[in-house]
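Could you use the hints to bring the two separately framed chains together as a complex?
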Amino acid sequence: MSKEIIKIEDLKREFTMGNETVHALKGISLSIKEGEFVTIMGSSGSGKSTLLNILGCLDQPTSGTYDIDGLAVRNLSKNELATIRNEKIGFIFQSYNLLARTSALENVELPLLYNSKVSTEERKDRAIKALKMVGLGDRMDHTPSQLSGGQQQRVAIARSLVNKPVMILADEATGNLDTRTSYEIMSLFQELNEKGITIVFVTHEPDIATFSSRTIVLKDGNIIKDYLNKEIQSAATELALLPVEDH
Amino acid sequence: MRLLNLFKIAFNAIILNKARTLLTMLGIIIGVAAVIAMLAIGEGSKESIRSTISSMGSNMITISPGADMRGGVRQERSVMESLTLDDYKAIEQQADLLTYITPVVNGNGQVINGSNNWPSSIYGVNPDYLNIKVIELQSGSMFTDAEVQTASKVVLIGQTVVDNIFPDGGDPVGKMIRFNSIPFKVIGVLEEKGENTFGQDQDDVVIAPYTTVQKRILAIDHLNQVIASAVSEEDAPDAVTQVTEILRSQHKLTDNEDDDFHVRSMEELISTFSATSEMLTILLVAVAGISLLIGGIGIMNIMYVSVKERTKEIGLRMAVGGKGSDILMQFLIEAILISITGGLLGVILGLGSTVFIEKFLHWPTEVALYSIIISFAVCAVTGIFFGWYPARKAAALDPITALRYE
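Chains A and B supply the protein sequences, listed in that same order.
Once you know that position 160 of the first sequence is 160 in this note's numbering, the rest is easy, because the numbers rise by one and skip nothing.
The number in this note's numbering is simply the position in the second sequence, starting from 1, with 247 added.
These aren't lab readings, by the way, just hints derived from the structure by calculation.
Note that the structure is a prediction, hence the values are computed from the model and not measured.
We put the CB at the ideal spot given by N, CA and C, even for glycine.
Don't take each hint at face value.
[To be verified] Just so you have them, the derived chain A footprint on chain B, three or more residues with Cβ under 8 Å: (1) 256-269; (2) 569-582; (3) 646-653.
Isolated chain B, as found in the complex (with noise of 0.2 Å):
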């Protein structure tokens, strides 16, 4: 009953001072919507440049061969001979932190269909590639493991490659193609992948088993690259230990002689585009910190003000027979109110131009839970804290010095 009747008290309050109340809810409303959508936008970057790398594979390990001195000439690396089948097979029967691994030979060469040609890479490898690569295929099916080991004639194109020799559409599953002179039965088409970071055509690709393009095209029998990919984005450096262990002694090194082989992990490029995403992060931490600040200040003056102009009315209702514990409440309730009520306005404004955004500008965004509850904890807490403090204050003095204040 009684704290109904300072619900009532405090209500009507809030009524007859629309503009004030308008206005302190303001400071929150804005405060609590900038946080959620400053940090939804920093996340949803944050998320994209995460699902942009592991789309690239972002536990993949490459090795290839390397620093081999021919008469104390460097070469280049594609012409080293030193990564073999059997290294490729040591890796594949003893690391244990590798879930796919497949050897990788390419060349370049001329595709061919009727009268339309296209220079392309192909790359042998095995049926592991796809899942390393991190590669889907829009039609037809990758080839088997026997089909590698028969050193089947048979291809699957990227899109580049389609749009190039088959420009008159319709699906190139089952059609034959020649790679160079060789002829290839297409089986497969890539989905489309786009640029990479690099601004390479990724899908001007020609996949084939590695024995094929070893034996019938390229005629060697070393490798030009192993890659595999990690057990996890995490394991990636201890795997890349694991394979370089291995590589030494399936080489023969001893200890103070230089690897004749490189082992990378994708972990630098990772750790390079999460430091940039967690510099954006802590940027817009820092500016929605600020905001948070400016509105809690707002808070602040706004109900510390609104509590003076009304210390006579704190008189008045003391003199007729108002507790201080009394005018304490109504201010609580009011402070409560008014804070809650702008925290979810504030919630919802924050979340509406998050999807305005996304829309409309097309950013990609992700609202995190953390920015809600911590923007909306600290307007309430504001509000609430600096309607009560000044409050307190009012209702500890004698009902005819707050009477007579002006």
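For reference, chain A alone in the conformation it holds in the complex (with noise of 0.2 Å):
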């Protein structure tokens, strides 16, 4: 039996909006353990996001329990979240947010910058060394602009592995990529996963859901549907399936 790494109990959020309350969250209970690869699919206003911001200690709960890895989020300070965000939580956005301007190695080193106990060597081979496993090791010069979205989505992965966290947590990460490129991520994902890397993937995508172990569903707050799959799709092989494209 592996370790939860996420566990989250009644957990509900609300936003004011005026005098209207918005209930983003009505109470969801769940439980992601270590090597999961979960997605997260629902349609838009279902919550989903909500949820993920809140697994990756970007938001706060209103109400519920939420423990990472051991540890209960609810007594954590700013700070101390913060930490936890840097140590823990590898973050994938749609839009990449990548820093412009800035070249690929400097992106990844981003989080280990805010982490004072990894040397300026230390930084920077980690940094090479994630960006090689993203295949990117010959474009660590590259400014974003001189990149394509799939490459910067790497880069953006990139950024996410480089301090070794329990967990990744992308938010419709494949969302502005083409289906070519979002295969290509989603087979980069498989691989981080079979090296035991914790995924948390939202997605509203069908086809992404059956490149992951489980698929939980969200509607208007509630879960809906949590099952494991039965056939995981590779797709290293659906890329291949593919009809090649004319260049």
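Okay, structure coming up:
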């Protein structure tokens, strides 16, 4: 039995918009174990991004408990949350969120700059390793504007890996990419998952979900489905089956 | 280590945004430089006015005979004979707020050297005269007290006189000239003083012992004036009072009689001049203050906008583990680096333009240390505050709010 990375119970999140209170999450309980590749599905407004933000310690729940790697998040200060984000979580965004006019290498180094335990040499080594892992070993000096969307997302993935997190949270990480590039990225995620990294992936594309080991479907702030995938598709195989594009 | 990282982050951010950094700095540079240059001009003109006044003998006190009614007709001052050598001696002995004092008798006449002649004024004085009027000697020496005693026929002449009666050049010292019909030996030439503020040629003079002028030229025994210098400019008004009292008792005036003499210090002149230069300085300070204010607003704007437009970046930095304090520190370091560099460049530009103004426009300038300190401090503080304040607000945001900021 592998250990639980995420354990949430009766998690609620409410937003106040003027006089109205919006219930984005209406009491969700779930746990995710180490090594799982979970996709969170749902239409827009279902609360999936809200859930991911809370899981990523970017946002705080209104009520309920959330334990990450055995730590109760509720009792942590802002600074402790920052440390958790820095050391335990790798976050990947739909819009990449890379620093403009900054080289890929420096973008990947960014999280380590906020970790005073890592020396300058180690920081560079680890960033280079992470970039090689995502297949951008030859593009380290390129700035985001010199990279394609898929390459930018790879830089973001390298950035999320560089701190050796216990889990990677991806928010519609393939949302801005074409099918081919999406599959390339998914195959990269699968590779990382095989190396034992826990992945939580928010998407609204059903085909992306078939690459994960478990799918959770949200609707109006509640979990309506939570199932393990019997037949996990290999993104690499699917990629090979795509018709070759004319260039 | 941690601070070093933040320095690296801040430095990278500055390098990344060269144009914005430069614009921010420009506000600071121009603000600081303008204040320094303007106050330097203000102080310079103030100083030049001050030195002009003191070259005229700013602590000089003039005692002249006054209002003597003769049958109801007021007489011109120069024909008055109410000021005597005894008055001079009384003042010399009793007044302790005076450093130098000399009697003055003066008359006009023709200065003659061979075939050259020139109309000029002769002043009969004692050796203190040069100190009171702040006159230097170009060559030769002043006559001595002994020469005054013996009414020696020696003179010192001003440059205008030299030019007119010695047109062929050569040192006049030691030569014999005549004033009217009386021969004098030239023992010194006065340093050129040019025109005074009222347009009088100060070099068109002949100076001789007062005894000589009294006895040999004018044949009088009264004095036209007594001039003295007070211990200091501040003591001048008290010295005036003192001299007035001495003269009143000397002339045996009762309480309800008016003074029959006039005692004047340069005080009025000085206060007029310093009021003018004060006003000039106030004007310049006001202009400098406004430019500093505008510079400050410029800094404020750019800092505020630069933090605002980077809210998303702040969100990202927090998402990858930057603490609120890290973000704040980063922006503070950025603001400090920009403000200090801009401030220093401003000081350099300010000093440079001051030198330029002095050298090429020939305006008197004097850099005031306080202007450097104040302008630098104001710009640095504004820059740092307006870098820090919006950054503090951004750092206090939830990471997700900052990330979503558009």
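Problem - Coverage assertion for the stretch 646-653 of chain B with respect to chain A, Cβ distance below 8 Å, three residues required - result: It holds, with 3 qualifying residues against the three required.
Problem - Outcome, coverage of the stretch 569-582 of chain B by chain A - at least 3 residues whose beta-carbon is closer than 8 Å to one in that chain - result: holds (count 5)
Problem - Outcome, coverage of the stretch 256-269 of chain B by chain A - at least 3 residues whose beta-carbon is closer than 8 Å to one in that chain - result: holds (count 3)
Against the hints set out earlier in the document, no violation occurs for any number.
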